[in-house]
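Chains as they are written, first to last, in the working numbering: chain A, 1 to 182; chain B, 1001 to 1475; chain C, 2001 to 2650.
Quick caveat, the hints were computed from the structure, so don't treat them as lab data.
Among the hints, erroneous ones may be present.
Unchecked claim - No farther apart than 30 Å at their CA atoms in a straight line, the calculated lysine-lysine pairs in the DSS-like style are these:
hint, chain 1, residue 1, chain 2, residue 2
1, A, LYS81, B, LYS1151
2, C, LYS2029, B, LYS1426
3, B, LYS1432, C, LYS2174
4, B, LYS1363, C, LYS2029
5, C, LYS2174, B, LYS1363
6, B, LYS1432, C, LYS2029
7, B, LYS1432, C, LYS2216
8, C, LYS2174, B, LYS1426
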Amino acid sequence: MIDTLFIILSLMIIFFATLVVTLPNILHCALALMASLFGSAGLYILLNAEMTALAQVAVYIGGVVIFIIFAIFLTTRMGEKTTPSSLPKIGWGLVLSSFAFAGFYGFYAKYLNSVSTTGYSTAEDGSMSAVGKILLNTGSEGLIIPFEIVSVLLLMTVIGAVVIARAETKALNCDSESQENI
Amino acid sequence: MLTFVTPDMLLPILALLVLSIDLFIESKNKTAILFDTAAAGVLLIIVLLFNLPHDQEFYYLTNYKVDGLRLLFKEIFAISLFFTILLGKGYARKNGNWRGILKYDSEFIALLIFCAFGMFCVVSAQELITLFIGLELATIPMYFLTAYYKKDQSSLEGAMKYIIMGSLTSALVLLGYSFWYGAVGCLRYEAILSFVQTNPDNPMFLAGAIFVFAAVCFKLAMVPFHMWAPDVYQAAPTPVTAFLSVASKSTAIAFVITLLYGPLAPIRHVFTYPLGILACITMTVGNLGAMRQYELRRFMAYSSIAQAGYIMLALVGNGKMAVPSIIYYLFIYLATNFCLFFIISVIGQKRPEEFASLRGLAKQSPALAGILVLCLFSLAGIPPLAGFTGKFMLFASAAEGGFYGLVIFAALNSTVSLYYYLLLIKEAYINKPEEDLESLEITFTQSFSIAILTLAVVILGLIPWFSSIITKIVG
Amino acid sequence: METFFTTNSWVILLMPFLVFLVNGLFLGKRSWRAAAYFAVACMSVAFFFAIKIAIGFFSHVHEHSYIKGWEIEWLRFASADILGFDLVANVGMLLDPISIMMLVVVTAISVLVNIYSIGYMKEDPSAGRFFSLLSLFSFSMLGLVSSTNIFQMFVFWELVGASSYLLIGFWYHKPSAVSASKKAFIVTRFADAFFLAGIIAVSYFTQTFDFIELNKLATVETLNRYAFLGFGTVNVLTVGTLLIFAGGWGKSAMFPLHIWLPDAMEGPTPVSSIIHSATMVVAGIYLTARLFPLFSHSPLTMDVVAYVGAFTALFAAVIAVTQNDIKRILAFSTLSQLGYMLFSLGVSKMVVEEGGAINSLGYSASMFHVFTHAAFKCMLFLIAGQVIHVVHSNNIWDMGGLRKKMPFTYVSCLIACLAIGGIWPFAGFWSKDEIILASLQGGHTVIFAIGLFVGGLTAFYMFRLFFVTFHGESRKELHHVHEDPFMTFPIVVLAIPSAVGGYFAKDLFHHAFVPNMPLHIHELSHPHWLPWVATSMGLSGIILAYFFFGRNKFTQASSIAKAMGPLHTVIENKFYFDEFYLFMTHKVAFRFVAAPIKWFDRKIVDGVMNLTGFLLHAGGAIVRFLQTGQVQMYLSVMILGLLYFCYRVF
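Use the sequences and the hints to build the structure in full.
Laid out in structure tokens, this is it:
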């Protein structure tokens, strides 16, 4: 049962991921991305990682993809097509990805197929309360330090994003001549 | 005991301080105030770092380690941050650079400081999450900073390439970590170490390690993961290029060393040899690429690719000298590279930062031209400059494991590098400028920094205690 | 014996460095004349110290084989208590026969060349810089010869390379000078890459850099084993010594790394003089002599030393015959003489039939030749500079007839040519004779034959230069020819050791200059016919040169023909014979022996270097070509890298 579900979800992820990079209309790509992300959220549920699944839906689908769609609306005209990849590029892509696939599959067949998967992970469950307890724990198993550093990371990202996205105002633009002769 | 992490904590505070000064203080020369405050703050942090005891181990909240090795790395990061800020000061003033004025000073400084904070986290991390977040914190500001000339199309293009390839790298690191987590079941270094001791050839773990090392090679710009470097170095503002070439590279090296001499120590031999081979290819490609460049930042990119090759070669010997020699070299590399970038910043004020702009330097400013020669000779490893002693230690460390073939190869490579460093000297001394040159202006900050760095380039290789202290701390 | 002068031997190093700093920073820009006098004064102090040390040392030579003037710990790369092994570089001054000899020679020649440069550089606007750099060069060379350990030596070794780069390219407005200096720097550094690897290999196995330690028998035993050195399992002693010797190979410009040396003539002539007589190019010989006890335990290394030296001696002498540029003739002559010094060291190891032991004669003869050669080669270059200064051309065919106009120079040049030609009793005779004797005693017959033959060849090409330059009619209008006193003085001073130095110094070299190791003690045969043969080889070279170039035959012939009408036909017939003879020797021998070798040197040996450069540039072009700017491409290459890791790890 779980295996069947896993295969269905994986195929769904791969199918939509392929669509993301092949569809001519960029808005369709964004929608396909959304579907692909839904698939991985399903995988997390299969793995009992409900917290991660929730985050996946809320952050990626609810947040990131919506942002992407906004960005598309703001920057492109409707009906505009992306430039299709040239044939040699597709060929090279196929060669490289088949290499990568062969590598992964060879690795799997040689080593992991025979290895039992029990006994590796020691974490009991991925429930929200367990995650929360680990994040704020100051003990040896706790992740309080990265939790705090993430806040710095977020602050930094906001500052950086604002700087890059900010329009050049007149006041700041006092010496635009020197910029122009680049 | 909290003093051990005070410098780390002060860094984000300093960043916030700079941002709030920008918000609340109105002044005509706000730029200078901002840069000076930041430089003073970083100087304070450097002093704090040097005053901490280097022979003790301290764990903050059990998962954040401070010891001699880590302090040395933090000193490297902090010193490069200090000089980057001083270098940036020249670019933020009017007529400071041919490409235009750097705007958003406080954000510029804050991003740099956050970046350094991320680097601090990378070396001190004792579990993989902190390691990852530290690495991201050390990388993401560089994306922004690369794109700082917002009107320059090539700058944006470089930043875009950097983001795309950097994201792939982050994905690789995460993939590697998840393999590790799958194998070990825990993220802490101690658990990983005991797992590796009992299962040294666990395929899942090794597969994860491959991904992690691929990502590190990207950060280090090792061939074939190097291709972003020339484009990004050229696109970024020069202070950022300097920071990338010194601090970012040191972070990647710190990452490798803390892993290889920490949790991965039992399987170190699996990776050192492949890394050594890559190091040789890297220095060759870097040296070949540096020939016939005409853009100084791009040239420095190839030059530092080659330098990364020399540094990584030391690991191949797997010997006890590897870590001391690498740290020793990083200090020297820092001094030399920053000195060169300061010279570039001086000539870049009214001309593009190109080879041709060096013409006539020997006439205009003999002192600057002489310092240029010193720095280039140091990079090429001519004794008795610091670059030579550093390289000697690196090579000796590679030879410790018996890899003399690689040592000869590397030494020949440094001969090739001499060729293109001489090309720069030729531009400065021999080639005549095409038109009359405007006179060079050197600000106090620039001459001060150049003086200190030149002193370091000359003296670090000559003073006897420097190498022995490093050996004592990390040996 | 420790004396005031040995303990304060640092003064010898300090003086030139002081000159470098003072002249470079202050005096040079203000007054080049002050800079020059300052340099001469300081170098004289250094020379005085060197002489005092030499007198003190050689008068008590049997008490000790070396003194360490002073030594301090410099860089501690690794210490036993932390890393488990020691690797410490000291800095100091080792005073033993060969280093003291070199100190005396280098300081003496520095003084003389500085004096000479006062005359030579007086019209050059950047003479101040010249005197500063010249002192840097002397400093590097003095540091090199007095190093106590191989690490310190390498540091000064590279410093010599860097300062020669600055000196050869001194006239940097001349493109040829720039490329010559670059070539010299890069070619010698190419060899130094192997030298560095050799230092690292040897010091890793022995845990020391110190020359005294390295030359001990225990070190040889430590090194004489098989180990994996990265490119295969090899004998560490053989490979280590060969790698170290490679450094000397490049610095002493042995074939095929000699390509930098003739081009290095682009520098000012005083620079050529100091580089070629006693400094840079002798460094390789000096290195081999310094580590002689270690080298001598590796038969392969000794054979390489001997045959590379002998081949270069022959090769360069043949090329020297074909050159027309006075400085290039001297440059190839230097190469040839360096070959002598080197093979002399190599033949100290007797071939197996002769016992395979070490014959100290080869070692002392080599050092003796370093000494005598320094005197007459320095002098020859100074003479060349003097002549060039007057004629404003390097081509010997533009000169001629200078005998009357420059009497001092003429006589000095005659002495120098007799000395280098190995004519009794001039200096070169004694040292060259010993070298040839050593190769005979060692049983190296081929090298012995080469040595004898090159002796004749040397006399031939030197007297070719001599006759063409000074005899005959002047081929160019010359105005106000005079001999500058500053330039003439050093030449005349150097004529003294060139003439009689060999005779007076031979016993000293014989007794004091022996390698510090067990030696062959049997009395070896000393054939009395050898000096006669050697001298007659030299004399026949001179006679041949006179026959071709010395007689002013065309002018003489026409005047004689006018005077004696009836004998005209006879004379003309003689001329046919003459032309025939000229055709056979000059045209055939030159065109089919010497010229092809010259062609080989220019095209093949230089061609290989140019090819290397071309390949490197092609590699650079490939790297730049792959840098397309396409992110797709970058990412694909990254995946290849990932696959590489997979391949290595699994």
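(message) So if I understand the rule, the pair passes when the alpha-carbon distance is 30 Å or less; does LYS1363 of chain B with LYS2029 of chain C pass?
(response) This hinted pair holds, its Cα atoms lying about 14 Å apart.
(request) Given the hint that LYS2029 of chain C pairs with LYS1426 of chain B, test it: the Cα-Cα distance must not exceed 30 Å. (result) 22 Å, holds
(request) Take a quick look at whether LYS81 of chain A and LYS1151 of chain B sit within 30 Å of each other, Cα to Cα. (result) 27 Å, holds
(request) For the pair we were handed, LYS1432 of chain B and LYS2029 of chain C, check the Cα-Cα distance against 30 Å. (result) 22 Å, holds
(message) Run the distance test for LYS1432 of chain B versus LYS2216 of chain C: straight-line Cα separation, threshold 30 Å.
(response) 55 Å, violated
(request) Could you grab the alpha-carbon distance between LYS2174 of chain C and LYS1426 of chain B and see if it respects the 30 Å cut-off? (result) 12 Å, holds
(request) Starting from LYS1432 of chain B, check that the Cα of LYS2174 of chain C is at most 30 Å away, please. (result) Distance ~12 Å between LYS1432 of chain B and LYS2174 of chain C Cα, so the pair holds.
(request) Decide if the proposed pair is consistent with the structure: LYS2174 of chain C and LYS1363 of chain B, CA atoms, cutoff 30 Å inclusive. (result) 17 Å, holds
The structure is inconsistent with hint 7 alone, although it conforms to all the rest.
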